[in-house]
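For this one, chain A is given, so just place chain B on it according to the hints.
Below are the chains, spelled out letter by letter.
2 protein chains.
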Amino acid sequence: MAKLNTSTPSGFPEFSVAEQRVVRHWKKIIAEVFEKHGFPLIETPLVERTENFTAKGGNPKEIYVLDRLHADSADQNPAKSRAIRFDHTVPLALFVARHFNELAFPFRRSVIGPVMRGERAQKGRFRQFDQCDIDVIGNGSLSLANDAQMVVIIAEIFAKLMPEQKFVIRINNRKILTAFFAGFQQDPSEFKKILDFIDNLEKNPDAKLAGAPIEFQERILEFVEMSGTNDEILENLAKFLDDEDFQNGVAELREVVSYLRQMGVAEENFQIDLRIARGLDYYTGTVYEMNLLNADGTLNTALGSICSGGRYDDLAGIFTGKSLPGVGISIGLTRLLWQLFDAKIIEPQKSATSDAIILFRSPELLSKALEVGRKSREILGISVENYFEPKKIQKQFAYAEKMGIPVRIIVGEKDIVVEAKEGFEDLKEKIEGVFG
Amino acid sequence: MAKLNTSTPSGFPEFSVAEQRVVRHWKKIIAEVFEKHGFPLIETPLVERTENFTAKGGNPKEIYVLDRLHADSADQNPAKSRAIRFDHTVPLALFVARHFNELAFPFRRSVIGPVMRGERAQKGRFRQFDQCDIDVIGNGSLSLANDAQMVVIIAEIFAKLMPEQKFVIRINNRKILTAFFAGFQQDPSEFKKILDFIDNLEKNPDAKLAGAPIEFQERILEFVEMSGTNDEILENLAKFLDDEDFQNGVAELREVVSYLRQMGVAEENFQIDLRIARGLDYYTGTVYEMNLLNADGTLNTALGSICSGGRYDDLAGIFTGKSLPGVGISIGLTRLLWQLFDAKIIEPQKSATSDAIILFRSPELLSKALEVGRKSREILGISVENYFEPKKIQKQFAYAEKMGIPVRIIVGEKDIVVEAKEGFEDLKEKIEGVFG
Chain A
2 MAKLNTSTPS GFPEFSVAEQ RVVRHWKKII AEVFEKHGFP LIETPLVERT
52 ENFTAKGGNP KEIYVLDRLH ADSADQNPAK SRAIRFDHTV PLALFVARHF
102 NELAFPFRRS VIGPVMRGER AQKGRFRQFD QCDIDVIGNG SLSLANDAQM
152 VVIIAEIFAK LMPEQKFVIR INNRKILTAF FAGFQQDPSE FKKILDFIDN
202 LEKNPDAKLA GAPIEFQERI LEFVEMSGTN DEILENLAKF LDDEDFQNGV
252 AELREVVSYL RQMGVAEENF QIDLRIARGL DYYTGTVYEM NLLNADGTLN
302 TALGSICSGG RYDDLAGIFT GKSLPGVGIS IGLTRLLWQL FDAKIIEPQK
352 SATSDAIILF RSPELLSKAL EVGRKSREIL GISVENYFEP KKIQKQFAYA
402 EKMGIPVRII VGEKDIVVEA KEGFEDLKEK IEGVFG
Chain B
2 MAKLNTSTPS GFPEFSVAEQ RVVRHWKKII AEVFEKHGFP LIETPLVERT
52 ENFTAKGGNP KEIYVLDRLH ADSADQNPAK SRAIRFDHTV PLALFVARHF
102 NELAFPFRRS VIGPVMRGER AQKGRFRQFD QCDIDVIGNG SLSLANDAQM
152 VVIIAEIFAK LMPEQKFVIR INNRKILTAF FAGFQQDPSE FKKILDFIDN
202 LEKNPDAKLA GAPIEFQERI LEFVEMSGTN DEILENLAKF LDDEDFQNGV
252 AELREVVSYL RQMGVAEENF QIDLRIARGL DYYTGTVYEM NLLNADGTLN
302 TALGSICSGG RYDDLAGIFT GKSLPGVGIS IGLTRLLWQL FDAKIIEPQK
352 SATSDAIILF RSPELLSKAL EVGRKSREIL GISVENYFEP KKIQKQFAYA
402 EKMGIPVRII VGEKDIVVEA KEGFEDLKEK IEGVFG
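So the protein lines, in turn, are chains A and B.
With the numbering used here, letter number 362 in the first sequence gets 363, and the count goes up by one each step, no holes.
With the numbering used here, letter number 152 in the second sequence gets 153, and the count goes up by one each step, no holes.
Chain A with its partners taken away, still in its complex shape:
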């Protein structure tokens, strides 16, 4: 028989055991903060009707559809009629349509789970990856305080996960951009080109906007390069263009900044940045992008954007026939962690999830060791492994060492000895208090 190729398919990543401990820790903290702010986890199917994805602008080249290895009569669906989600936003819109009457609005939900995109696989780009999203959907209207809340939550998560790491959440408002463009470009369908041009400026500062008059291009650069404190930029914007739509966008941005301060986000963690455009068509107001900062305070451009999102005024409308404004933000977790491991900004977690392990000096002591394990779990409430295999004590120690378990409880015929690595003396004492 030909040898099987057991490697993961290209684009479908798998973390090592030590890396997975970090993944687990991050997901736990992210879910905790989401829930603490009133965003319960809601799961939707991985699979939906293909037509609902293409109706919401999914790229047909990137959409994966389901087929069966050997179809039979049980499968009565036309080919390619079932597809795998490529984000969590379309499934959210479908969930809202399906459960509309059950929901209290504003409806908040979080999700942590995989999506798939048939992109060309390359270093750090995956075809399956976890996204962690929060969204809030209003019925008819939705306060701008919700736009600020997204920033509060993201800032809290990263302060917990990477307490030493400086970061900034850059914010902008699409109303400001589109009103500004409209003065030069009468065809709104051309706005996307300008948005892409701005999106691209960070990577290619010398790029040119094809087909645009030079004075427009210069004015765009003058605009996006506006810098200073948040208040200085807001002041400049108030004078930059005397246009109602433009100033409505400025007023929204000012209101979001005001909420951010009232909600206690540190000034260093958010920054108005007019270059943030977010190419996606459906954003209509606030847009965000978060970046890590280098030690000198500059943007870590190598890592790119850590999370992003924005306000969309009509995502679920096509499915519900109702006006349902929403705002959301998303952490691209798999890609982010992959990059953080790759850049050695965070290290895989070598120590085990178990606080302690129980070893036994000879096979007939297993019974006693099992009792010690049971008591440790019940009385101390700690995570304790029992070693079960009737192997020499040296082998048992080698296992504990390889697993990185910091405390070892060694069951002998006459005594129970507790050994702990540096920093775990307290736990050692607690255990000795029970078995000493």
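Among the hints, erroneous ones may be present.
Any copy, or any two copies together, can satisfy a pair, since identical chains are not distinguished.
[To be verified] In silico DMTMM-like pairs for lysine to aspartate or glutamate, Cα to Cα no more than 25 Å straight-line:
#: 1; residue 1: Lys28; residue 2: Glu15
#: 2; residue 1: Lys240; residue 2: Glu253
#: 3; residue 1: Lys161; residue 2: Glu36
#: 4; residue 1: Lys62; residue 2: Glu269
#: 5; residue 1: Lys351; residue 2: Glu33
It should be emphasised that the hints constitute simulated quantities derived from the structure, not laboratory data.
This is chain B only, laid out in the frame that chain A set:
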């Protein structure tokens, strides 16, 4: 434009908001108990090379493969060469093969996540469903204490999730069955028919074993109907057949029962039952099935088996070329919860994940309300929502009511009033202590 069909595709279920709160709670408890016993969560890709699934006996009619809606040159894989996992066991074997040198043996891992099977969709049968598995894989050998540990963990999980619910984990050993069959049936490839016959006896007590001599069928019935306490059955088995292989199986079963007692599993929660066969080819020793009990102590057969598993001596061998005995157990979570909701054994959780909500009497008080929210989260460490929308206080109360949030903190111009539902007076007092 034709109206879109937004319903979930057949076989791809979605729980309501109230049901999802239960799903979340169950997953949290299950993960906690898994980790407490030294089984860290390890995630593997949803997608593997199709050949690795078919090599391990996946049913080709049930295997879903990936295709792209519009293929392009980026996709260079042959059609149907990538498939979606139908269980967590084959991905585990692949993970072990891929990370062999990194692992400490016995290698323990848990997983909670979706799998897909292209079964005919019917009431309570799904094409995508979550399974919660634990497995331990030894290198060369693996103590039977591991077989007992599976039962300990499952019993602990259900004692936490359904404290009032009686249940039993029925155990058997495949060595006993196969040695017994071998006395009548020389062709081991026929064993599967007998196993299926036994598996089926619970549903069809009058079924006949096609093609078997009547004395064999009678002897099977005499065998599987052996009843009594665990010790009585073990005693009967010791006398039932004087055959070395048979008695080896009995000795294993006896050893597992002995460990179960040493590990503190209540006698009422496990029962030797010789009808438990588990049709799957790869089980070679201990097998389990768990059932809920009715109030009168009989098996709840309407619900069927809640979780199941067993010992397999060579699951990863085909991928690694090594002898890697393992034992595992699996909770079919989606199907189980669907049935428990359907039978009203558990109720969807109506109350919100938030402990409290902050309402405000007039729009200009939002700023004060935001500060109260921030302080509540920081000082009290509770899960607090802020209501953000500038709506009348009655509308705000209606939202809190629909969400089932038990404590409301109402911010007025001159005071902060706390209201609590019955049973939440302590939290009310705590909050008043901060803002009173």
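If the cutoff is 25 Å on CA atoms, where do Lys351 and Glu33 land: within, between, both or neither? Let me know, please. For Lys351 and Glu33, the Cα distance is within 25 Å both inside one copy (23 Å) and across copies (20 Å).
Given identical chains, is Lys28 near Glu15, meaning Cα to Cα at most 25 Å, within a copy, between copies, both, or neither? So Lys28 and Glu15 pass the 25 Å test inside a copy (16 Å) and across (22 Å) alike.
What label fits Lys240 with Glu253 when the C-alpha limit is 25 Å: within, between, both, or neither? For Lys240 and Glu253, only the intra-copy Cα distance (16 Å) is at most 25 Å; the inter-copy one is 84 Å.
Homo-oligomer pair classification [Glu36, Lys161; C-alpha up to 25 Å]: The answer is both: 15 Å in one copy and 22 Å across copies each meet 25 Å.
State whether the alpha carbon distance between Lys62 and Glu269 is at most 25 Å within one copy, between copies, both, or neither. Classified as neither; 40 Å inside a copy, 57 Å across copies.
In summary, the one numbered hint that this structure violates is 4.
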